[in-house]
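For reference, the chains in residue letters:
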Amino acid sequence: MFDLVVDSVPLAIVASIPLLLAVEGELIVQRGGIINLGIEGMMLTAAMTAAFAAQTTHNLAIGFVGGVAGAAMIAALFGLFAIVLRADQIVTGTAINLLALGGTSFVYHETQAFQQPVPQLRTDPLLPLAWIVAPIILGVILWNSSFGLRLRACGEHPEALLATGRSVRMHRWAALMIEGLLVGLAGAYLSLALSSGFAENMTAGRGFIALSIVIFGRWKLKGALLGTAIFGLAAAMQYALQAANRGIPFHLLLAVPYVVTLLILCGVAGRVRAPEALAKP
Amino acid sequence: MRRFGVAVLAAASAVLLLAFSGALFGHSPWSLLSILGSGSVGSRFALAGTLLKAVPLLLTGLSVVIAFRAGVWNIGGEGQFIVGGLAALVASRWGVVASLAAAMLAGAAWASIASAMRLWRNAPEVLTTILLNFTAIHLLGWSVNGPLREHAAQYPQTDPAGAALPVLGGVHAGIVLAVAASVFAWWLLYRTAEGLRLRATGFNPNAARWAGIRVGAQLARAMAISGAAAGLAGGVELLGVTHRLFERFAAGYGYSGIAVALLAQLHPLATIASALFFGALVTGAGELQRAANISAGLATFGQAVVILTLIVFENVRSRR
Chain A
1 MFDLVVDSVP
11 LAIVASIPLL
21 LAVEGELIVQ
31 RGGIINLGIE
41 GMMLTAAMTA
51 AFAAQTTHNL
61 AIGFVGGVAG
71 AAMIAALFGL
81 FAIVLRADQI
91 VTGTAINLLA
101 LGGTSFVYHE
111 TQAFQQPVPQ
121 LRTDPLLPLA
131 WIVAPIILGV
141 ILWNSSFGLR
151 LRACGEHPEA
161 LLATGRSVRM
171 HRWAALMIEG
181 LLVGLAGAYL
191 SLALSSGFAE
201 NMTAGRGFIA
211 LSIVIFGRWK
221 LKGALLGTAI
231 FGLAAAMQYA
241 LQAANRGIPF
251 HLLLAVPYVV
261 TLLILCGVAG
271 RVRAPEALAK
281 P
Chain B
282 MRRFGVAVLA
292 AASAVLLLAF
302 SGALFGHSPW
312 SLLSILGSGS
322 VGSRFALAGT
332 LLKAVPLLLT
342 GLSVVIAFRA
352 GVWNIGGEGQ
362 FIVGGLAALV
372 ASRWGVVASL
382 AAAMLAGAAW
392 ASIASAMRLW
402 RNAPEVLTTI
412 LLNFTAIHLL
422 GWSVNGPLRE
432 HAAQYPQTDP
442 AGAALPVLGG
452 VHAGIVLAVA
462 ASVFAWWLLY
472 RTAEGLRLRA
482 TGFNPNAARW
492 AGIRVGAQLA
502 RAMAISGAAA
512 GLAGGVELLG
522 VTHRLFERFA
532 AGYGYSGIAV
542 ALLAQLHPLA
552 TIASALFFGA
562 LVTGAGELQR
572 AANISAGLAT
582 FGQAVVILTL
592 IVFENVRSRR
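Chains as they are written, first to last, in my numbering: chain A, 1 to 281; chain B, 282 to 601.
Certain hints may be false.
Here are the simulated SDA-like cross-link-like pairs (lysine to any residue), alpha carbons at most 20 Å apart as the crow flies [to be verified]:
id	chain 1	residue 1	chain 2	residue 2
1	A	Lys280	A	Ser167
2	A	Lys280	B	Pro405
3	A	Lys280	A	Ser195
4	A	Lys220	B	Asn596
5	A	Lys280	B	Ala498
6	A	Lys280	B	Asn596
Don't read these hints as lab results, they were simulated from the structure.
Chain A with its partners taken away, still in its complex shape (with noise of 0.2 Å):
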């Protein structure tokens, strides 16, 4: 069992780089008071525009610029409706993924450019960013300056950042964006690193998966690091088990991380306490 796991180690570290992105995105606007469970729409539509960008101009670099476009479009419907309108979060939330999951698939059935060939990624420059470069910098915006402090205010009790005379809606705009930012990489990394192109519904529920991290790691950066790490090492080892034919049954062991997660959402192995003013408009 023990060598599975060490050798699930290096394929579980690339493989969950678009996870662990995206949770890193989710975090910063939950901790803002939005939960954003169009998450994995966002994602699917990035993997999609990522792979258009970078088939048409054959450019990879030009392709993680679509990703990025592609989530920030998402980003901005979602402000535009649950921001601006102040609709329900959760209504927003699953319209959004009907809407990529359908808009997608309509998308790739109609567009040439998906059969064009995916240019190739030698170097891995996400690697870093996801595992360390990301959480650092987050960390610091987070609990190092006065955005990230009036952020989590945002989060926890927006009224006091009223009294102060800011923008509510600004900061959580800010957040969005930021996620956009961070989601889109992960989309475009999933279609042009982790395969070559897009496919439907790609994305096979990462972006809830990322949501439940967030919870998992309760709402910290180093619980997302811890949390992703587990999950994609559950995810990795799927693989090796099913290689090695041992007789366990992988489809259990891929509901573990769920029911882990439902059990610290009940406080069994500890206090757990979600910002405040999660999914108030």
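Following the hints, complete the assembly by docking chain B onto the known chain A.
This is chain B only, laid out in the frame that chain A set:
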């Protein structure tokens, strides 16, 4: 009446936006609309397809209506649908009634995990129900690859269920059940004390508490009823349409139920019309895929457009 107008407007603008999206990619919007129409209501066969799709949508839609009316965010329709299907399959050897009862019980139990976590540990049901969806999906994956795998062991699917719903004129009897369920939901919500308490809890939980309603227990009951409806949807889909379980059994019906309920403005009887509309949309989009090679994902896109348009219209209305 005004709310009815808003709903019709949202549905119509969704269909128009679909035609427009088609035009954007060089399809004739007229032929697109005509295929959508003929493929969903244009023939006996198409109409039967629409009704078949409307049945699970109606039941998952009702599930969402009950939950949202009580103010609980049950996003777990997908998971409750799956455990409903699983329980229905296991109990199908004892006949249709036992099978469907098991489906409702399983759905209610699965949803109650979330409400128990909410009441005891204050865990938000938005998140727990989503987590329970994934747990159910993997439970299903394990079942169809392991203990419930077909005896031929050829595909990751189960053997056919031991019972099936009778078929009436091309459509299984689940449609009668689904319509009866929406009448029952209407009666429950508007003609019983339980329904009044449920709606009061959703309208303003603090006021409800002052009025002597035990809000926690009320939420738990609403969640259980909601889960039972989604579980029933899974059971009916198994005994009426798929007859077997496989990994992609739920096919998004749980999430689509949210669009169905919102278009119906959370009214149980209007949910019938709403489910028929979305059933027609799904069936018409399937025909688009066959006839014009346009992705059937267009139906999912349409569900999203309906929800977003409703939000915009509601917003305009409340600002006036």
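Lysine 280 (chain A) paired with asparagine 596 (chain B) [C-alpha distance capped at 20 Å]: holds (17 Å)
Pair hint lysine 280 (chain A) and serine 195 (chain A), alpha-carbon separation not exceeding 20 Å: Not satisfied, since the Cα-Cα distance of roughly 37 Å exceeds 20 Å.
Next pair to validate is lysine 220 (chain A) with asparagine 596 (chain B); report whether the Cα-Cα distance is within 20 Å. violated (35 Å)
Take the C-alpha atoms of lysine 280 (chain A) and alanine 498 (chain B), compute the straight-line distance between them, and say whether it is at most 20 Å. The hint is violated at about 24 Å.
Taking 20 Å as the top limit, are the C-alpha atoms of lysine 280 (chain A) and serine 167 (chain A) close enough? holds (15 Å)
Next pair to validate is lysine 280 (chain A) with proline 405 (chain B); report whether the Cα-Cα distance is within 20 Å. Distance of about 13 Å is within 20 Å: holds.
Of the numbered hints listed earlier, those contradicted by the structure are 3, 4, 5.
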